[in-house]
Amino acid sequence: LGIVHQDAARLDEALAHHEAALALGQSAGADPLVMEVLHGNYGNTLYELGRLHEAYENHERALELAIGVLGERHPAVAIDLMNLARDAEKLGSIAKARELYLRSLELREQLVGPDSRAAGESLINLAVLEYGQLELEQARGHGERALAIFERKLGPEHPYVAIAHNNLGNIAHERGELDVALRHFDQMRAIYEAAYGAEHPKLAIALTNSANVLVQKGELDEAIVRFDRAIAIEEKALGPEHPSLAFDLLGKATALLDKHDAAAAVPLAERALAIREGRVFDPNELSLTYSTLARGLWESSREGSRERDRALQLGRRALTSWRASGIDDSARLAKYETWLRERGGDLSLSGG
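Note that my numbering gives residue 126 to position 126 of the sequence shown, counting from 1, and the numbers run on in steps of one.
Note that these hints are calculated values from the structure, not bench results. Heads up, some of the hints might be wrong.
Unchecked claim - No farther apart than 25 Å at their CA atoms in a straight line, the calculated lysine to aspartate or glutamate pairs in the DMTMM-like style are these:
1) K236 - E13
2) K236 - E54
3) K90 - E144
4) K90 - D329
5) K259 - E144
6) K217 - E174
7) K90 - E19
8) K335 - E235
Sequences and hints are given; from them, build the entire structure.
Quick look at the structure:
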C-alpha cells in the first residue's frame with residue numbers, strides 16, 4: 001500500500017504505511033532481506049518528502065542488510081548504492097555521491113550488461129550529478145547514452161525517457177541552447193502528463209524547467225503561467241514547505257524581476273529562503289536563493305534603507321555559498337562579485 005500511495009504522490013499516506021510495515025517487520029524479527037526492502041521503501045518516501053538525513057540512514061541500513069546476506073555483487077546492492085548516492089548528493093556530499101553512483105554503474109554493467117535498463121538508471125543519476133557540477137560534456141555523454149537505452153528498452157513514452165529528456169534539457173539550458181532545452185522539457189511534460197495525469201508533482205518539474213527557459217527567452221507571461229501551475233500542483237501534492245517548491249518560487253520571482261515587478265518578487269523569494277534555510281542544501285542552490293532575494297530587495301527599496309543593507313548582506317552570502325560549492329564557473333563568480341561591487345558591497349565579508 002505504501003508504494004501505491006507513493007506512486008500516486010500521496011506521500012504522507014505512503015509514509016504511514018511504510019512506517020507500519022517497518023515496525024511490524026522489526027517486532028516480528030523478519031528476514032533480513034525483507035527488512036532490506038522495507039528500509040529501502042521507507043527511505044525512498046523520506047527522500048521524496050525532503051527528510052534527507054532519515055532517508056540516508058534507512059538506505060544505508062538497507063545496503064548493510066543486502067551486503068550481509070547477498071554479498072557485494074548483487075543487483076539489490078546496486079539499487080541500494082544508487083539510493084544512498086541520491087541522498088548523499090542532496091545532502092551536498094558530492095564526492096561520496098559520485099563514488100556511490102560509479103559503484104552502482106560498474107556493478108550493473110557487470111551483472112546485467114552495459115545496455116540494460118539498470119545501467120541506464122545509474123547513467124542518468126551520474127549525469128544529473130555531473131550537470132550539477134557543470135561537468136557538461138560528461139553529463140551530456142552519459143545522458144544521451146541513458147536516453148538511447150531507455151527508448152530502445154522501454155519505448156519513447158516511458159517515464160524513464162522523460163527523466164533522460166529532463167537531464168538533457170538542463171544541460172542544453174546551461175549551454176545556452178534554449179530551443180533544444182525547451183524541446184526536451186516539452187517532451188518530458190507530454191510523457192509525464194500522459195503517464196501520471198495533470199496534477200502529479202513530476203509534471204511540475206517539467207513545467208518549472210520549461211518556464212525557466214522561457215524566462216531566458218523573454219517570454220515572461222507564459223513562464224509565469226507555467227510557474228503558477230507548478231506551484232499549485234506541488235502545494236496540493238507535497239505541502240507548502242516542500243523543498244521542491246523553492247525552485248518554482250525562485251523561478252517565478254526571477255520572471256517578475258525581469259518584468260520590473262520587484263515588490264511582487266520579494267515575497268516569493270523570501271518564502272523560498274524560508275524553505276531552504278535550516279535545511280541542508282547544495283551551496284549552489286543556496287547562492288541562487290540569496291542572490292534572487294538580494295536583487296528583489298535592492299530593486300524594491302530606497303537608497304539608505306534597511307532593505308538595501310539586507311540586500312548587500314544576502315549578496316555576500318550568495319558569493320560565499322557559491323565559493324563553497326567548489327564549482328569552477330568564473331562567469332557566475334564574476335556575476336556575483338560585480339553585483340556587489342557596483343552597489344558598494346564588501347567582497348571580503350561572508351554576510352554571516
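Outcome of the hint check:
1. Distance check on the hinted pair: K236 and E13 sit about 14 Å apart at the alpha-carbon level, within 25 Å; holds.
2. Taking the CA atoms of K236 and E54, the gap is about 23 Å. The hint holds against a cut of 25 Å.
3. At roughly 23 Å between alpha-carbon atoms, K90 and E144 fall within 25 Å of each other, so this suggested pair holds.
4. Between the alpha carbons of K90 and D329 the distance comes to roughly 20 Å, so the proposed pair stays at or under 25 Å and holds.
5. This hinted pair does not check out: K259 and E144 have alpha carbons roughly 35 Å apart, beyond 25 Å.
6. At most 25 Å may separate the alpha-carbon atoms for a hinted pair to count; K217 and E174 meet this at roughly 13 Å.
7. Of the supplied pair hints, the one linking K90 and E19 holds, its CA atoms being roughly 23 Å apart against a limit of 25 Å.
8. Between K335 and E235 the alpha-carbon distance is near 32 Å, which puts this suggested pair outside the 25 Å criterion.
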